Amino acid sequence: MTVLVIAEHDHHTLAEVTRRAVTAATALDGDVHVLVLGQDCAPAAQQAAALSGVAKVLVCDAPLYAHPLAESMARAVLARAGEYTALVAAASSQGKDLMPRVAAGLDVSQVSDITAIEAPDTFQRPIYAGNVLARVVCEEAIKVLTVRPTAFAPAADGGQAEVVAIPAGEDPGLSRHVDATMTRSERPDLGSARVVVSGGRGVGDEGGFALLAEVADALHAALGASRAAVDAGYMPNDCQVGQTGKVVAPELYIAAGISGAIQHWAGMKDSRVIVAINRDEEAPLMQVADYALVADLNQALPALRDGLKALAEKGA
Amino acid sequence: MKVLVPVKRVVDYNVRVRPRPDGTGVDTAHAKMSMNPFDEIAMEEAMRLKEGGVVDEVVAVSIGSGDCQDTLRSALAFGADRALLLESDTTDFEPVVISRILAAVVAEEAPDLVIMGKQAIDDDCNQTAQMLAGRLGWGQGTFACRLEVQDGEARVTREVDGGTRTVALSLPAVVSTDLRLNEPRYLKLPNIMKAKKKPLDRRAVAELGVDLTARTRVVAVTAPPERGPGVRVASVEELLDRLKNEAQVI
Ligand SMILES: Cc1cc2nc3c(=O)[nH]c(=O)nc-3n(C[C@H](O)[C@H](O)[C@H](O)COP(=O)(O)OP(=O)(O)OC[C@H]3O[C@@H](n4cnc5c(N)ncnc54)[C@H](O)[C@@H]3O)c2cc1C
Ligand SMILES: Nc1ncnc2c1ncn2[C@@H]1O[C@H](COP(=O)(O)O)[C@@H](O)[C@H]1O
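Line order of the protein sequences matches chains B and V. Quick note on the numbering used here: the first sequence kicks off at 7 and runs consecutively. Quick note on the numbering used here: the second sequence kicks off at 61 and runs consecutively.
Everything labelled a hint here was simulated from the structure, so no lab data went into it. Only a predicted model underlies this, so the values are computations on that prediction, with no experimental measurement involved. Hints may contain errors.
As the list claims (entries may be wrong) - Keeping only pairs whose Cα atoms sit at most 20 angstroms apart, straight-line, the calculated SDA-like set for lysine to any residue is:
1) B:315 to V:309
2) B:320 to V:130
3) B:315 to V:304
4) B:315 to V:300
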């Protein structure tokens, strides 16, 4: 059994979600290869080759892969697919976009968003917004899998895989990159941060979110949001935590002014410690949080910020 | 121009489902059912294209039991011109099978654009649109938060990790919807009444002659592990103290 992991990167840096996908791939038994499609992507390929557990890195370096377009990438993956028994990617927006197209090219089913590997053909995945866990058996000759990054630890460095250049495929001519608008943030990445501080509709206005950001800063935390907060324009869309947004599982998750709809819970319930701050003690999240504080955010957030600063000073 | 909108009948998003005690499946017998919310967004977008004069015909299609007629009547109340039900006793086909069925429908209907949900909120697969596009050899604009159709091209702004990306797709193409693409309209009674008289064609899935088997199956379902009971804290001071000394996370 040889497994191919499709890497995600910005050409220079290998994405952390790929390190996590490699960990999942090593649980499938067999050699792990990594495919890096990019332009001037040698640094990303080198980082993949340095991951422990990786036997070989295939690099396809061409202008065609300057942007992650599923149509071109799927072709490149399909050209190699016959050599593998499983194709794996992170269940990130890129993996979700790409892998079903690959599966269709092979006419096989895909197992999405795997949270545990019980055997090389038996997986666990959440359905119904995580209300139910399904055990899925996949008997395809080539398995196409996406894995939930938060369910697997990142692969460590320490490998020395060979790096092999492979030729680019043809341009399918179906899609063209127009532009990209990426939000730049100095904060830790939401998907891998140790602490996440999230705000909901109850944080109220942008002033409230500025306060929330100060709390996040004091904790070196990533900022997250409920859908309501994103819809109201308080936070950018890629901060949405939930069933249909990002899934996070930090050591500490602080939810301020979030009621705790099942769609939000789905995205953060695997956090180790959950704190809910809400003025409504009946809010669903207040029933399931490890620590629930009934308070008005206008008082609680400044107090939390000041308390954290005081703790940091004491510790320093 | 013609748009095809696949709509799925799912357990309503407000319903909290539970696994059956014997683990054989999910108890949905008495659950409220609705159109998948992402498919409502797809219907809304198709209607806006029609109202904007870009599209002449909107066809809704659903695959499943006879009950999917309700879902299709909702699609007709949105304003779809006609609906197609591909009927089967099986209501939980794998996305790969749905994509085969939809590809057969596309071969007959020859739409210029397929707009569909990014994800069904029951299986949470997020596969079918990409599979359909791949199978047809069409471009795909997934997780759309903006769609413009002009000069034989679909311009799709996609929500991705870290921001948005805009792609231009030659038509025909498949677009999958994200939550912020639009706010679906409220269905008004006159439109619901009008929908009852619109054509709804029913056919057996088996008639299409596509392979209905999948080599992936759910063998058991369980409830996720419960979290232990939490505690109420009286003040920010107590919260900080417990986070530091009890949970040791700060
Ligand atoms: C298909 C679909 C997918 C969805 N996907 C997601 C998803 O991925 N993620 C997601 O988050 N949601 C998602 N939703 C939306 C979800 O159902 C909820 O509507 C949303 O999570 C509510 O956000 P909220 O908790 O911020 O707002 P509300 O439910 O309005 O809660 C606000 C809370 O703030 C409290 N509050 C208000 N003012 C104060 C104050 N001054 N001090 C203290 N507390 C205060 C209130 O008591 C209340 O509990 C989805 C919905 C659908 C239909
Ligand atoms: N049985 C079905 N009938 C019609 N459309 C479907 C069906 N199943 C899935 N779809 C479409 O595929 C999308 C994605 O579903 P999934 O890949 O299962 O998450 C849905 O939002 C629908 O648009």
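- What are the numbers of the hints that this structure violates, sorted from low to high? 2
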